[in-house]
Amino acid sequence: MPHKPRKVADVEITPLCDAVGPMGPSLRLPFLETFLGAEVDEGEWILHFHCFLIRDGKGHVTLVDTGIGPTSTWAPAPGRLQSELAAAGVAPADVGTVIITHLHSDHAGGTFLDGAPVFANARHVVQRAELVGNGFLDPVKELLHVVDGDEEVAPGVVVRLTPGHTPGHQSVEVGEFTMVGDVLHHPVQLADPSVRYVYDDDSDLAVKTRMELVGRLRAQGALLGTSHFPEPFVELG
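In the numbering used here, the protein residues as written are 11 to 247.
Check before you lean on any hint, since a few could be wrong.
[To be verified] Under the rule of at most 25 Å between Cα atoms (straight-line distance), these lysine to any residue pairs were calculated in the SDA-like manner:
hint	residue 1	residue 2
1	Lys14	Pro40
2	Lys68	Leu233
3	Lys68	Gly166
[Claimed, not checked] If you anchor each label on the Cβ, the simulated ranges turn out as follows:
hint	residue 1	residue 2	range
4	Asn144	Pro35	19 to 29 Å
5	Asp211	Ser93	30 to 40 Å
6	Arg228	Pro80	29 to 39 Å
7	Pro35	Ala229	21 to 31 Å
8	Ser93	Asn131	17 to 27 Å
9	Ala229	Ala97	27 to 37 Å
10	Ala201	Gly31	16 to 26 Å
What the hints contain is simulated information worked out from the structure, not anything from laboratory work. Even glycine gets a Cβ: it sits at the ideal position worked out from N, Cα and C.
Sequences are here, hints too, so could you generate the full structure?
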């Protein structure tokens with residue numbers, strides 16, 4: 011079942027748990043080799059894979075990330091996003107906007123099935139920098155809404171370019187709520203944003219982005235939506 015939703019202004023935000031489990035064996039490393047600069051070995055990292063459903067007061071439905079999809083690659087299991095959406099009372103045809111934080115398979119793997127779009131009525135929002143040399147979204151290319159940097163892409167929903175983990179990684183803001191995607195992978199990075207993640211594309215840029223974002227959100231007392239923490243909501247206020 012989906013997590014309990016939170017209200018931000020007139021918008022309802024529901025975390026959808028797509029899967030839970032350890033990193034796949036092809037990528038699994040000891041904790042201190044995964045999070046470089048961490049001072050304490052937290053043991054085996056169990057990832058939670060969260061997507062987010064945003065419903066405003068006028069009935070517009072936005073989905074942030076499409077999860078692992080029906081077949082897992084490095085992730086621990088196939089995704090269960092469709093059953094999570096159904097439990098929240100949402101059919102794929104109801105979704106008007108899909109925002110993809112970045113094109114790793116655990117965030118975008120449920121975008122299409124057998125070459126056909128899963129969310130056929132939705133604009134699919136992605137940063138232009140994320141598409142360079144990457145044809146993953148070709149099956150939904152007619153549905154793409156390509157942005158360059160920050161843009162309001164649905165009523166009250168703003169994407170912000172937050173590069174480093176990938177070139178075109180984007181976070182999503184609704185008022186004082188921010189879905190950080192893979193800017194933050196583990197609570198150790200929230201405590202110390204200088205801790206590096208071994209699989210960031212550009213480690214230096216990822217640290218810069220993380221430090222700027224966490225600093226700004228702490229100053230705002232913001233509410234975070236996390237992709238891989240055990241709890242999908244983290245209050246900074």
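Do the hints match the structure? See the list:
Distance hint between Lys14 and Pro40 is unfulfilled; the C-alpha atoms sit about 33 Å from each other, more than 25 Å. As the CA atoms of Lys68 and Leu233 are separated by approximately 23 Å, the hinted pair is consistent with the 25 Å bound. Of the pairs offered as hints, the one joining Lys68 and Gly166 holds, with about 12 Å between alpha carbons and a cut-off of 25 Å not exceeded. For Asn144 and Pro35, the hinted distance range of 19 to 29 Å is satisfied, since their beta carbons lie about 25 Å from each other.
For Asp211 paired with Ser93, a C-beta distance near 32 Å keeps the hint of 30 to 40 Å intact. Take Arg228 and Pro80: their Cβ atoms lie about 38 Å apart, and the range 29 to 39 Å holds. As the Cβ distance of Pro35 to Ala229 is approximately 40 Å, the hint placing it in 21 to 31 Å is violated. At about 20 Å, the CB distance of Ser93 to Asn131 agrees with the hint of 17 to 27 Å.
Restraint check, Ala229 to Ala97: a C-beta distance of roughly 36 Å satisfies the suggested window 27 to 37 Å. A C-beta distance of roughly 24 Å is found between Ala201 and Gly31, which places it inside the suggested range of 16 to 26 Å.
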